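A.B. asks: For this one, chain A is given, so just place chain B on it according to the hints.
Number of protein chains: 2
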Amino acid sequence: MGFTDLMTGARVLVTGATGFVGRHILGPLQALGCEVHVISRRPANHDSRGVRYHECDLHNHAGVASLMGAIRPEHLLHLAWDVTPGEYITSLENLRWVQSTLALAHIFVECGGRRIVGAGTAAEYSWHKSPCDEATTPLVPDSLYAGSKLALWHVLDRLSAQGSVGFAWGRVFFMFGPHEAPERLVPVMVDAARRQQSLTLRHPTQVRDYLHAADVGAAFVALLASDVQGAVNLASGEGTDLSALAGLVGEAAGTEVPLELGSTLDDPHPVVVAEVTRLREEVRFTPRFSLRSGLRDTVDWWFRQHGNAGT
Amino acid sequence: MGFTDLMTGARVLVTGATGFVGRHILGPLQALGCEVHVISRRPANHDSRGVRYHECDLHNHAGVASLMGAIRPEHLLHLAWDVTPGEYITSLENLRWVQSTLALAHIFVECGGRRIVGAGTAAEYSWHKSPCDEATTPLVPDSLYAGSKLALWHVLDRLSAQGSVGFAWGRVFFMFGPHEAPERLVPVMVDAARRQQSLTLRHPTQVRDYLHAADVGAAFVALLASDVQGAVNLASGEGTDLSALAGLVGEAAGTEVPLELGSTLDDPHPVVVAEVTRLREEVRFTPRFSLRSGLRDTVDWWFRQHGNAGT
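Respectively, the protein sequence lines represent chains A and B. Note that my numbering has the first sequence beginning at 1, numbered continuously upward. Note that my numbering has the second sequence beginning at 1, numbered continuously upward.
No lab work stands behind these hints, which were simulated from the structure alone. One thing to keep in mind: the hints can contain errors.
Partner residues aside, some chain B positions facing chain A, computed with beta carbon under 10 Å [to be verified]: (1) Q99; (2) A105; (3) H106; (4) V109; (5) E110; (6) G112; (7) L144; (8) H154; (9) Q162; (10) G166; (11) V228.
Which stretches of chain B does chain A cover? Using the computed rule of at least three CB atoms under 8 Å from a CB of chain A, they are [said to hold, decoys possible]: (12) 89-98; (13) 145-151.
Only a predicted model underlies this, so the values are computations on that prediction, with no experimental measurement involved. Each residue gets a CB set at the ideal place from its N, CA and C atoms; glycine is no exception.
Chain A on its own, in the form it takes in the complex (with noise of 0.2 Å):
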């Protein structure tokens, strides 16, 4: 098919790529065949099967021009992000990774490359309806992440409008996956089956729309590898309530998240639900884990994290 032909030996620079869904990029664009490098502080694999690793700190911008100059990459997946839990939403990083994601792109464009894909967020748009469409819903965000990211939305777009680089941009609805922070949602669920600890739901009737890490990251290998330009939502197109994530996550452990019920009555965001006809239609990708698969698959990795005996 065509993204084969495109990508065979494209060089493609990838940042972010011992994330949360980076680590399921690399896969991906090796079956592709292309030439795939990485940039990390930290590079904590060696070359391998076709993958380069670069240590490079993305904020030294003097080091990633000298990198970069040096790759000559022709596309350009741009995931890094700081998104240490419980602070990224309101960091003064975010400041900091608007500046070098631009310094990267401006050292990307200057270096002859082509294509700039990069991470945006559900979070740009205003929440008050959904679906979230990416051609009609206002973009609204409500924390220094979002407006960070939709900041790097408005100058790529306008930077691509010009003809200087193809751009797209993948808004991440909610995720879910091996190697999910502790403290987040589903290892939350996860972690009380487990104990058979009760876990309280504020507002078990709020609505959102969940994908598996992997399928976030092979549809942004997909975005690359197409053509297709701006804003495309990466999500399921489908909605579920806290209450049914949780009783799938229970099915998954063979076992029951033990659950105290909060009221709705206060949510000021009841259903987060995207439009994904962008994503099914022109990016041409479809999830390979349901939600239930994809749980099963979650849970499966926890419990062998954390042993299956160990409440």
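C.D. replies: Positioned in the frame of chain A, the structure of chain B alone reads:
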């Protein structure tokens, strides 16, 4: 009045003070009794009357940090940008200015700064409906320059929303005045009047909102001295079409601007006028110049530059 009390002795850091608007900033700041610090690549002036000049390239972030640590300003009025005529709308330098503005803001906040005022643009708005209103007009930048300004708006607006710093953003509409680049609209009209050479107006009925640069500068100072948060249009609130503008330039020049008139049929943005209720009622700013008196001031300046008998 309240402004003076608030600002007397306040340490204010100004960037872009030698620019088209910036040159009108220092007088009003001095009148408020501020301790004014100017950062400039090439400080043309010596310290005088409460204004201290510091030589520093804003793209040298380490230099900015060192200077900021020494000055520890309470207010930041950031006007500097690359606005090379014919280039700035599409220039990759816009990416650099977003980076340096965020670095400046980050350093300012870390050094205890309290209030940032920055320069936005009417081009952040969709121009499909007028007047452009801060609260309701969609933000749809149509150039890299406008997208870069809007990017800063989103980051700094969210930064201030979390209480880190006060922030206002003056969206500048259409300006004229002494020292404008000769290839810009009003200088070209003045030149056509002086030489009695015909000027072609492709869209003679195109309506824009014009304000003298001295009033824009004074409005920025009023915005800095106020406690108004968020975006504020800096404009007259009145629309004038190009034929009428040329008529007023001719009147001020004591002759006519010879015109050749095109058709407006293909003008995608026939009217761009600002809603100025925030500027008038919240910032409590009233322009000193009418369009007529402002153009007279401007034409007089040009004639002093070039001599009345230049034809």
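A.B. asks: Of the numbered hints stated previously, which ones are contradicted by the structure, given in increasing order?
C.D. replies: 6, 10 and 11
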